[in-house]
Amino acid sequence: MMISKVNKAVLAFLILVIMLTTGCWNYREVEQLAIVAGVALDKNEDGTLQVTVETVDIRGGTQGTYEPEYIEIEGESLFESNRRAIAIGGKRLYWSHAKAIILSKELAEEDISKYLDFLFRDQEAREDIWILVSKDSTAREVLQSTSKFKNIVAFEIDDTMRSQRSLSRFPNIELYEFFDRMFYTNVSPVLPAVCLEEQAGGAASKVGGTAIFKNNKLVGFLSEKETRNMLWLRDEVEGGFYVVDNVMGEGNRVTLEIHKSKSGIKPIIEDDVLKMKADIRIDVFIVEISGGVNVIENPGREILIKKATESIKADIMSTYKKVQDEYKADIFGFGREIDMHMPYVWNEIKNDWDERFQETELVLNADIRVNGTATTRLPLPKGEK
Amino acid sequence: MNNEKLAGTQITKTIILFLIGSTMVIGTGVEAGRDMWISTLAATFLSLPVILIYCRIASLFPGKDLIEILELNFGKLIGRLLSIPFIWFAFHLAAIVLRNFGEFISTIALPETPKTVPMIIFAFICILAVKAGIETIGRCSQYFILLIAVEIIIVNMLNIPNMEIENLRPLMTLEASKYMQSIFTAFSFPFGETVIFLMLFSSVQKKNSVYKIFLSAIIIAGLIISFTTARNIMVLGPNTMEAMYFPSYSAISRVNIGNFLQRMEIVVTIAFLLAGFIKISVALLAATKGFARLFGFEDYAIWVVPIGLLMVNMSYLLYDDITEMFEWAQKIWPYYAFPFQVILPIGIWIALEVKRMLKEKKQQVEL
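From first to last, the protein sequence lines stand for chains C and D.
Heads up: the first sequence runs through residues 60 to 444, numbered per the numbering used here.
Heads up: the second sequence runs through residues 3 to 369, numbered per the numbering used here.
Chain C with its partners taken away, still in its complex shape (with noise of 0.2 Å):
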């Protein structure tokens, strides 16, 4: 095809056009953003939403620096204050990269869902954000505590939550995941908690144990041990370690860590009765042993096996039962599991679940292995008397 004169005049006056003319329609410059880190939200004496916001300052130079930078609102909402920030610095907070949000308990107690929605909605808000929940000073402090490595708190927090597997004391529960488990009836949704620690240098931030919300409302704190418990019963621990006492003997110690953690649960029915079925299997290294107690040769390892065993089920054991007596919430989602496994008992049981769970049994196997004593054969002489 011939291109004419005229076609050629109009080909060049477009490419103008587009060249010319282009540009983003609400083009916003970095330096008129402020990153969100993290937010913490309490709630004032008047019943008013107070919202601290932690922002990247970005120094530039040739080595970038970031400095914290706390901006502080009151609203009824979130995205009311989210604007309202506007009117202190300047600058639209930009959601993007926000890491943590921190829940003050008096907050959580309330109905959660009044507060994260804007979250669940909004499309800057990213879904890898971690909420928690400060469980003694307000949500502001945990956020303004001093940071150790990275400036930021909500930067550190967020390091925290993804080393979670090496720990097992939190539950690493992602953002959507704690939004999608809200939507189940069978299942009261948990997430980690925060507090203050006395560091060098001021209260520093540490995540640990767990927060349980049943209808949406906070209802009470699991300690980290009684965490890792929990964690066991979801089927969620990945590492950690586990502390043995008095294997042979007293005034001794065995550290084992957890390298491989597996736990297999299902609803059974016995004699008519509706049971829950764990079999946990879990692979341990000896890492450390105190008081020179010689575990690793038969037939100290069978002892420090069956010790171990017994102790682990016992803590699961009365973590459940806490559970069950004191909060009375499906945190380990046997319900769910109930649903997954037999629909149709589920659907018999599924509107009186809440009272049925205070009475579920526990039927509880553990299996641990030792899979080796990391470098060495021998422990330590323990010192004459």
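Careful, some of the hints might be misleading.
[Said to hold, decoys possible] Only some residues are given here: those of chain D computed to face chain C with a beta carbon under 7 Å:
no., residue
1, T118
2, P172
3, S179
4, T242
[To be verified] List time: in silico BS3-like cross-link candidates among lysine-lysine, alpha-carbon distance up to 25 Å:
no., chain 1, residue 1, chain 2, residue 2
5, C, K334, C, K273
6, C, K67, D, K133
7, C, K102, C, K67
8, C, K380, C, K366
9, C, K273, C, K387
10, C, K409, D, K133
11, C, K64, D, K180
FYI, nobody ran anything at the bench for these hints, they're computed from the structure.
By construction, the Cβ of each residue, glycine as well, lies at the ideal position given by its N, Cα and C atoms.
Got chain C; can you put chain D on it based on the hints?
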């Protein structure tokens, strides 16, 4: 321009893209919750009888499109009257899909840009494609489908770590009525929409079997849609998926490999837009061709721009906002589309068969 011919594989690919076009973006058959993927799979196969009727109509008069067939058999007046609903359906569908994509772009990427801007640009490209004719659209599909296939495969592989097969369980425990409803919705959107291809079959080379083209396209597209739905449920969880306007987009945004390979959703959005472009173009082409034929024009090309612009207006006027759009798509569309997709084709088919039988009898009597 009206004598263009398409190879069979090209039209198959066009139908596949037409089917997955907006379905990949907004999802279909939400009534069945976590069993959605089963009901879309069921809808694929349950739609086959209706699809076979379309094929039969097309293969009774090879090389002719629906409006010609109607005119030939029912006379000029009745034939033309009967073709008006189909032309309207194609036009309306083009407008709806354009609006779907307008809302999609405006929600996920350009919330502060007026919806009309992306919609007009999108419509402009579709008008160009329709002007260029079905051959161009067919060849576009041939290349787009490769791109889309590669993207689907790569993205799904990257999404495997996020998939939780537990989310699909338990299987099939809802009330039967929910499945029926979900299958019905999934039939009307997207499978039944292929009725508008009846208006384009005059452009297929005669040596190709309509049955083969149609059935293979439906089954391949059905499998893709069903798999995508299952993926969305596995990645998002059934509850979140129901809550999302654009589940596929949300599911893909979960891809995060080592904190490095992430935020891929925009790349995949392009694949969605390519399929949407094919869908709108095909619907617009059918509407324009039908319109031109209705008023006895030899060449439809001059009608593309006015009808395309009308389509933009129409799509803007259709709904007030995205909530209305989704409510309409889920609650009204299946019933609205039913006459166009099922009742009219079946009526026409029966009439054609009866006429043919009478004709054969007559011939036998004459012999």
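These are the hints, each one checked on the structure:
1. T118: violated, 12 Å
2. P172: Since chain C brings a Cβ to about 4 Å from P172(D), closer than 7 Å, the hint holds.
3. S179: violated, 16 Å
4. T242: OK, holds: T242(D) within 7 Å of chain C, min 5 Å.
5. K334(C) with K273(C): holds, 22 Å
6. K67(C) with K133(D): Within the cut-off at roughly 21 Å; holds.
7. K102(C) with K67(C): Judged against 25 Å, a Cα distance of about 67 Å means the pair is violated.
8. K380(C) with K366(C): holds, 21 Å
9. K273(C) with K387(C): holds, 9 Å
10. K409(C) with K133(D): Given that 25 Å is the threshold and the Cα spacing comes to 59 Å, the pair is violated.
11. K64(C) with K180(D): Judged against 25 Å, a Cα distance of about 63 Å means the pair is violated.
Hint violations for this structure: numbers 1, 3, 7, 10, 11, all remaining hints satisfied.
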